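A.B. asks: These protein sequence lines map, in sequence, to chains A and B.
Read left to right, the first sequence gives residues 11 to 241 (the numbering used here).
Read left to right, the second sequence gives residues 930 to 1513 (the numbering used here).
These are calculated hints, taken from the structure and not from any lab test.
Remember, predicted model here, so these are calculated numbers, not experimental data.
Incorrect hints may appear among the rest.
Stated by the list, open to error - Straight-line C-alpha distance at most 27 Å; calculated DSS-like pairs for lysine-lysine:
(1) A:Lys-122 <-> A:Lys-25
(2) A:Lys-227 <-> B:Lys-1234
(3) B:Lys-1425 <-> A:Lys-25
(4) B:Lys-1427 <-> A:Lys-221
(5) A:Lys-116 <-> B:Lys-1348
(6) A:Lys-221 <-> B:Lys-1020
(7) A:Lys-116 <-> B:Lys-1272
(8) B:Lys-1042 <-> A:Lys-134
(9) A:Lys-85 <-> B:Lys-1429
(10) A:Lys-85 <-> B:Lys-1210
(11) B:Lys-1427 <-> A:Lys-77
(12) B:Lys-1242 <-> A:Lys-221
(13) A:Lys-50 <-> B:Lys-961
(14) A:Lys-50 <-> B:Lys-1420
(15) A:Lys-231 <-> B:Lys-1272
(16) A:Lys-50 <-> B:Lys-1427
(17) A:Lys-50 <-> B:Lys-1425
(18) B:Lys-1348 <-> A:Lys-25
(19) A:Lys-134 <-> B:Lys-1264
(20) A:Lys-122 <-> B:Lys-961
(21) A:Lys-122 <-> B:Lys-1042
(22) B:Lys-1427 <-> A:Lys-85
(23) B:Lys-1253 <-> A:Lys-227
(24) A:Lys-134 <-> B:Lys-1253
(25) B:Lys-1020 <-> B:Lys-1348
(26) B:Lys-961 <-> A:Lys-85
(27) B:Lys-1253 <-> A:Lys-221
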Amino acid sequence: MRFQIYRYNPDTDSKPRMQFYDVAMEPTDRMLLDALVRIKMEDDTFAFRRSCREGVCGSDAMNINGKNGLACITKLADLQEPVVIRPLPGLPVIRDLIVDMSQFFKQYHSIKPYVVNDTPPPEKERLQSPEDREELNGLYECILCACCSTSCPSFWWNPDKFVGPAGLLQAYRFIADTRDQTINERLDNLEDPYRLFRCHSIMNCVDVCPKGLNPTKAIGKIKDLLVKRTV
Amino acid sequence: MAIAVRQFDAVVVGAGGSGLRAALQLAEANLKVAVLSKVFPTRSHTVAAQGGVSASLGNEEPDNWHWHMYDTVKGSDYLGDQDAIEFMCRKASEVVVELEHYGMPFDRLDNGKIYQRPFGGHTSNYGERAIKRACAAADRTGHAMLHTLYQRNVRARTQFFVEWMALDLVRDAEGRVLGVTALEMETGEVMILKARATLFATGGAGRIYSASTNAFINTGDGLGMAARAGIPLEDMEFWQFHPTGVAGAGVLITEGVRGEGGFLLNKNGERFMERYAPTVKDLASRDVVARAMATEIKEGRGAGKDGEYILLKLDHLGADVIDKRLPGIREIAIKFANCDPVKDPIPVVPTCHYQMGGIPTNMHGQVLGSGDRIVPGFYAAGECACVSVHGANRLGTNSLLDLLVFGKSAGEQVVKDLKGETGAMPELPKDAGDYTLSRLARLDSATSGERVSDVGAEMRRVMQLHCGVFRFPDSLVEGVRKIKEVAERTKSTFIKDKSKVFNTARVEALEHENLIEVALSTMVSAEARKESRGAHDRSDFPNRDDVNWMKHTMWFKDGNRLEYKPVQLKPLTVEMFEPKARVY
């Protein structure tokens, strides 16, 4: 198969370039990650992140034929050749497909991603009905791969001010948790022309999420809560 | 050579479940802590755990820690230390409830309590029948746990060094551990992180086998570092082959599938586990189920074109149960096995999954060197450690429990030990860091040699062929010879990439140097153990031999030397469980 891959090493390259690779695939190679590992065997200077190889750790997010996704769960059979691979858009490139994700994680941390409940905990678990727990489905499964946020034009323009779809999905995950007691502080933290309201429902995030999650819907729910609060 | 030094109260290496649980203990005690991780913490392999974490909460039916303890001792094939097992099972409810208080999104019962499901080897009333003891968040329990622990550490303002790889332990002449050398991947800088306490939570090394459920990053870095620094590795011959890895792909399918009512079929459509484990059938211990499957395949009753796999049937659970309790499994089967389990069975084979052995510790995470002496300043927890609670075979869901219990207790021990230390930290030896720098210099200066990927592939082939589910005497002897050859070849690996910036070729070469220590210790320990126990099954010694072999193996890198130490049969407060024949 033929691949065209973004290469850049600040140590040796003055500017990025696209490099072609022709790879003889084995019958056991099913996913794009298998091909990238094969390329690295031939050219060990090619750098990318990877770990679980089953779509749960979020390491190998990249831009594949123009669309963000995880290499380990992208089937080779579904890809048009040459397969064009670039780093996630909008983040500074450290080397090849490895991007600097500091800004992305900073936004995640900014929504206080942990349950806050200052009443002394009971000896046993805090109770939560199955229905209340159900509210967290479609939210807690996020793997922080950044496919969504780096496909979002609003995040490209304002990565320092707009929380982005991944961060907002998690913001709603804690708003929706009946065990959390700080819903008002959480809403205050988002009531801002940039932090939440830069989302214009473009829905690229929904389109690319490798886990099938829907940040736009979560963002809509936060907006609803803000409206309800002012009424 | 000059090498920069940074000083901390404690350094934690690894940010998976046990590292994060330990770090939390340290951060909340206001210690100055550095947590190093090769990957962003939520990418650690704990994220891939699926089925649950065990605790005798008794939310679904009566249960108690003593039953859990019995199951764990029996599951370990009586190689687990009964004091440590009692400690773990007694602490289980406390640490699981604590995790719930941190915000873990457990599934719930109608009464609002944590949902629990049956799992292999977990029984009611000392083996009577399967029990619901596995606390679960759908089939993403590890993901939910890892994220919750990371989130709690964000709240505690734990200091992370993300994408830093620890390279070697720093010890002084008295043997005290004073920290680690480490590589910052983004810049290629090497530094000494000096600390009064060094806690390893570096996970397992399942990547020594070709067919593995493990992530690429599971390269036994802590074990390699410990072995090179003269610390023994305990019970390395015991590797768990998980019954249900996706055939060909290796990706894990949780035992929770069988906990929810799925079962295994051979090519004749026979539910063969009824023959091997009449009481709990498909929910027997993993070693028992994996062996049964391998036997079915060996005797020509495997499914598939070449009879190479077993079928895991769960369509009878119905789409509703599958989507609610096993959604991740459905996703994995569709992607990696080309089948939708709502309609078709999943092709599975026993696949390397978990390392029961590791760095010897007591139940407070203190590392034990030769003669069971505590190595001052050195702690370990989680899969890299051998306490030993899993013995010759780990029960499903006891790994996540291990992370929580021993991550916490190791953290508590560090806090306690550091309270007593007020004086100046011991000086670093003059040559601290030289060994690491010489290893890096070899890689940087080599102009020719073997590719790391080739040497690694040969290592995995040798392990798979000579040290798998079934082990044979001649094959083990040959395996020892071959793996020593691979270890020699490791000394002349070569990388083209000499760049400082995010050099992943260098990282992989260094990882391989850790893997090979694990492979070597495994093969040598396995060849020497002349009995069958738990996951170690020898054709020439098909039975357990409690007279000669109820003891832990201690492998030393220096000269491939082996020592043995007795199993601790005496629990903390209760009567010991006498070894007896293991029937499920």
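A.B. asks: If any of the earlier hints don't hold here, list their numbers in rising order.
C.D. replies: Those not satisfied are hints 1, 2, 4, 5, 6, 7, 9, 10, 11, 13, 15, 18, 19, 22, 26.
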